[in-house]
Structure formats: structure tokens, C-alpha cells
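Asker: Now for the letters of each chain:
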Amino acid sequence: AQSVTQLDSQVPVFEEAPVELRCNYSSSVSVYLFWYVQYPNQGLQLLLKYLSGSTLVKGINGFEAEFNKSQTSFHLRKPSVHISDTAEYFCAVQDFGNEKLTFGTGTRLTIIP
Amino acid sequence: NAGVTQTPKFQVLKTGQSMTLQCAQDMNHEYMSWYRQDPGMGLRLIHYSVGAGITDQGEVPNGYNVSRSTTEDFPLRLLSAAPSQTSVYFCASSWTGSNTGELFFGEGSRLTVL
Chain A
705 AQSVTQLDSQ VPVFEEAPVE LRCNYSSSVS VYLFWYVQYP NQGLQLLLKY LSGSTLVKGI
765 NGFEAEFNKS QTSFHLRKPS VHISDTAEYF CAVQDFGNEK LTFGTGTRLT IIP
Chain B
23 NAGVTQTPKF QVLKTGQSMT LQCAQDMNHE YMSWYRQDPG MGLRLIHYSV GAGITDQGEV
83 PNGYNVSRST TEDFPLRLLS AAPSQTSVYF CASSWTGSNT GELFFGEGSR LTVL
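The listed protein sequences derive, respectively, from chains A and B. Each residue of the first sequence is one higher than the last, beginning at 705 in the numbering used here. Each residue of the second sequence is one higher than the last, beginning at 23 in the numbering used here.
Simulated from the structure, these hints should not be mistaken for lab results. Mixed in with the good hints there might be a few duds.
[To be verified] Here chain A is said to cover these stretches of chain B; the calculated rule only asks that three of the stretch's residues, wherever they fall, bring their Cβ under 8 Å from a Cβ of chain A:
no.	region
1	58–66
2	126–133
[As the list claims (entries may be wrong)] Straight-line C-alpha distance at most 16 Å; calculated EDC-like pairs for lysine to aspartate or glutamate:
no.	chain 1	residue 1	chain 2	residue 2
3	A	Lys753	A	Glu770
4	B	Lys31	B	Glu129
5	A	Lys804	A	Asp789
6	A	Lys804	B	Asp78
7	A	Lys804	B	Glu81
8	A	Lys804	B	Glu124
9	A	Lys753	A	Asp799
10	A	Lys762	A	Glu724
11	A	Lys804	B	Glu129
12	A	Lys782	A	Glu719
13	A	Lys782	A	Glu768
14	A	Lys773	A	Asp799
15	A	Lys782	A	Glu770
16	A	Lys753	B	Glu124
17	A	Lys773	A	Glu719
Small disclaimer: the values here were computed from a predicted structure and weren't measured. All C-beta atoms in this analysis are idealised placements derived from N, C-alpha and C, irrespective of residue type, glycine included.
Sequences are here, hints too, so could you generate the full structure?
Answerer: Right, here's the structure in full:
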């Protein structure tokens, strides 16, 4: 069965500084990988996804993530954060041929002015 | 653009009461699912459906029932509410043909069981 580990529950970052949110996954088969973002009092929305091909994936709002198969990781990065990036970020994994998504426990990103 | 619509947004129940959380989508998605979100635990899958008439259990199904009589609707029923079911519930849907797993979420239903 697939599983996802987000190593940091909270990450405070100064405005305009870079940030990396870490995600590791476990699965016995090939996977699709996702990052979702949840702004306060809202549902989740897709930030970016890795299905196949290039291991560097670019998403909305200047975020990107890199799939590393050997380290089973899919870390999320942004070179310069803004106040509007304050949100909770969830990594998710889906096994090939399986409709279900498994989510990590989330990382709360707080931007310090 | 309605997308995924959940009702009610807020509900307070007493232990033992029953209720139904409604979910409707207008995107002709085959796959629909219910998650609960609890602090420090992320989102956990309760039940899911890959099409009308087909449902299956997720990670935490106990205490919840679902049915899927139409493509559009996927209600979640609590037959006898317990305080442990206090949570925020999200309905999500997607296409199944491409199997890319991109879920579209509703805005959530916050349930408190006293």
C-alpha cells in the first residue's frame, strides 16, 4: 500500500526567502505524485503533478517540484515566497491503476513579513 | 461554474443523531470520494465510488454509509453520530479514464458532535 511522509508539520519562512517542503513516499509500484494547497477555510486545489517524463515539474504560483525515484522523494520548492503563499500544503501519491489518492499529513507554511 | 458543491457548510449534532452530508458535482466525473481532515492527520479517505451503483471503503469507513444512485451525487450518511466524528469533511471528484488522479474538492463541511 502507498504512503506519504511530510517531514515538517510547520515551516516558517521570511518573505522573499526560498522554501523547500519535503515529501517522501512509499509504494511497491509506479506512482503519480501531487502537491495540493489549502488556503484558510477553503478546499484543496492542485498545485502541480508528476505523471511521467521530466522529473522537474512546474506548477502554479511559481512553485516547482522534483521527482527523485532513487530517494522516493517529491520535494516542493519556491525561490522567493510571498505573504499570499501562507497556506497548508499536502503531498499525495497515487499508484498506477488505482483511483485512490493517499495524502500526507500536511505542512503549514507561514510567511514572516 | 459550480464544480463540487457540499452542503451544509456547518453542522452541530448531538451524540446519537443522524445526518447526511450532501455532495454534488456538475463535471460528469465518474470518481467521487469523501475525506475527513483532522489536525495533524491530513486527509483520510472514508468512502469512494468509481461510478453510479459502485462504492467501496477507504481507510476510515466505520460509522459512515454512502450510496451512488446518480453520477452527480454522492451523499455521506452518519447513522449515529459520535464525538470522534467531529471533523471537517471534504468531497472530491475526478475523471477516471485518464487515471491521473487530479481531484476537484468542495469547500468542506465542518461537523461538530457534542
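Asker: Look at each hint and say if it fits the structure.
Answerer: Hint-by-hint comparison with the structure:
| no. | hint | in the structure |
| --- | --- | --- |
| 1 | 58–66 | holds (count 5) |
| 2 | 126–133 | holds (count 4) |
| 3 | A:Lys753 with A:Glu770 | holds (10 Å) |
| 4 | B:Lys31 with B:Glu129 | holds (8 Å) |
| 5 | A:Lys804 with A:Asp789 | violated (27 Å) |
| 6 | A:Lys804 with B:Asp78 | holds (11 Å) |
| 7 | A:Lys804 with B:Glu81 | holds (10 Å) |
| 8 | A:Lys804 with B:Glu124 | holds (10 Å) |
| 9 | A:Lys753 with A:Asp799 | holds (13 Å) |
| 10 | A:Lys762 with A:Glu724 | holds (14 Å) |
| 11 | A:Lys804 with B:Glu129 | violated (20 Å) |
| 12 | A:Lys782 with A:Glu719 | holds (11 Å) |
| 13 | A:Lys782 with A:Glu768 | holds (6 Å) |
| 14 | A:Lys773 with A:Asp799 | holds (14 Å) |
| 15 | A:Lys782 with A:Glu770 | holds (12 Å) |
| 16 | A:Lys753 with B:Glu124 | holds (8 Å) |
| 17 | A:Lys773 with A:Glu719 | violated (31 Å) |
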